[in-house]
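Chains as they are written, first to last, in the UniProt record's numbering: chain B, 1 to 269; chain L, 1 to 187.
It cannot be assumed that every hint is accurate.
The calculated lysine-lysine pairs, modelled on PhoX-like cross-linking and capped at a C-alpha distance of 20 Å, are [stated by the list, open to error]:
hint	chain 1	residue 1	chain 2	residue 2
1	L	Lys47	B	Lys101
2	B	Lys68	L	Lys40
3	L	Lys40	B	Lys66
4	B	Lys97	L	Lys47
5	L	Lys47	B	Lys66
6	B	Lys97	B	Lys154
7	B	Lys66	L	Lys62
8	L	Lys47	B	Lys68
9	B	Lys101	L	Lys39
10	L	Lys39	B	Lys68
Negatives, chain L to chain B, calculated, CB over 10 Å [claimed, not checked]:
hint	residue
11	Lys40
12	Asn44
13	Lys47
14	Glu87
15	Ile125
16	Ala133
17	Ala135
Keep in mind that the hints were calculated from the coordinates and are not lab data. On a predicted model such as this, the values are computed, not experimentally measured, just so you know. We put the CB at the ideal spot given by N, CA and C, even for glycine.
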Amino acid sequence: MSADQVLASETNCHLFDGCGFPAPGLHSFVFDPIFSIGSFDFNKPMLLAFLSTIVVVGFFWAAFNKPKVVPGKVQMVGEAGYDFVRRGIVYETLGKKVGEKYVPLMVSLFFFVWIMNIWSVIPVAQFPVTAIIAFPVGMAAIVYITWMYLTFKKHGFVGALKNITGYDPTLGKVLPLSMTIEFFSNVLVRPFTHAVRLFANMFAGHTLLLLFTLASWYMLNGIGIAYAGVSFVMTIVMTGFELFIQAVQAYVFVLLACSYVQGALAEHH
Amino acid sequence: MIALVQMAADDAENPLVPPIPELIIGLIAFAIVFIFLAKKLLPNINKVLEERREAIEGGMEKAEATQAEAQQTLEQYREQLSEARHEAARLRQEAQEQGAALIAEMRAEGQRQREEIVAAGHAQIEADRKAAAAALRQDVGKLATELAGKLVGESLEDSARQSRTIDRFLDGLDATATGSATAEAAR
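Extracted from the complex, chain B is given alone in its bound form (with noise of 0.2 Å):
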């Protein structure tokens, strides 16, 4: 499996040389251990998961460690960042009295799971953590766990369900089915999107990349040249693009989060 890697950035294989093309596939998203302890294997993806926690958590500590009134340089980007995830996300969908609890949660899923996808493009490192499921799903859960946690809390057993299934006397004969569905859709389905959502978008644009890059020096040779650059280009839009998505989906798994927590704080489901 590392041998394809290096087979594919650091072999001189090119187009006409005879060798086929080095394609990206499930095998780039498996590492071989840095090192290991016993059979726990520490993995690049690991690696980058710890770095991710020390750029967050040190960049917030340089940023908030001694916040003054007048804010410094780093701490003004910081209470932009904050306020971002604070207004533009938590208030907006629970409002400001409700969502004042979770900010720290939303604040640091947000941050976190950015980091983890930008490096995606970050050069040695190029890989999104969140394109290894484990990752995702971790916070999938967490959120899940709260979700639930607090449908429960709110609602009792009997309307917890009732929140969960939708119920509605209203719809009558249907009724059943509804509720089966509303089931199905909130406790089985939901963690599973909301986790692979983020995992698909990275895994899929790591694969991009990944493509074009292999592709750009694949090709790099005889015509192939002229397609190579082509390759080449797509490959600084694709890292650009990525850039943007990654924003996105870390955006879009705290917003689905702040929904969740704010479908099991409603009154009517």
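Position chain L against the provided structure of chain B, taking the given hints into account.
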């Protein structure tokens, strides 16, 4: 989901199956972020944001207070100014009135003095006239007596007779004069 997990068990490379070590690492990494932000850093900044809000509001309140004070002072000054103007107008008016009164008084005084002088003059004239008349009467009497004495040749030195005669004569003169004055007034 279960089917997916089942499927994943068969294929180690299925990208939809979360590997447990990564899951745990991810949760730990996120937990660290969350703890730092939720317990320390965000409360920090919230406190400062609150302080800033208060500072701004306090500043605005102060500015408002200062403005109100300035407005009040201005009002005060205006009031004082108008009062002063009023006072000045009043004083001017008063001065004018006083001046007029003074002039009137002086005029009256002048009038009075003039009248006094005139009256005094009249009295003097009257007195002089009376004195002159008395003197004249004496002189005329003496002259007439002397003249009559010379004409009659007899001494009219006897004072009783003399004065009776003179008086009679003068009364006659007076009657003539009064008669002529009455006639003049009638005319």
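Going down the list of hints, with the structure as the test:
1. L:Lys47 / B:Lys101: holds (15 Å)
2. B:Lys68 / L:Lys40: Holds, at about 15 Å.
3. L:Lys40 / B:Lys66: Roughly 11 Å separates the two Cα atoms, so the pair holds.
4. B:Lys97 / L:Lys47: holds (17 Å)
5. L:Lys47 / B:Lys66: holds (11 Å)
6. B:Lys97 / B:Lys154: Roughly 16 Å between the alpha carbons, so the hint for Lys97 of chain B and Lys154 of chain B holds.
7. B:Lys66 / L:Lys62: Roughly 27 Å separates the two Cα atoms, so the pair is violated.
8. L:Lys47 / B:Lys68: holds (10 Å)
9. B:Lys101 / L:Lys39: Distance of about 12 Å is within 20 Å: holds.
10. L:Lys39 / B:Lys68: Holds. Lys39 of chain L to Lys68 of chain B sits at ~18 Å (cutoff 20 Å).
11. Lys40: violated (8 Å)
12. Asn44: violated (5 Å)
13. Lys47: For Lys47 of chain L, whose nearest Cβ neighbour in chain B is about 8 Å away, the distance does not exceed 10 Å, so it is violated.
14. Glu87: holds (52 Å)
15. Ile125: holds (106 Å)
16. Ala133: holds (118 Å)
17. Ala135: At about 120 Å from chain B, Ala135 of chain L clears the 10 Å cut-off, so the statement holds.
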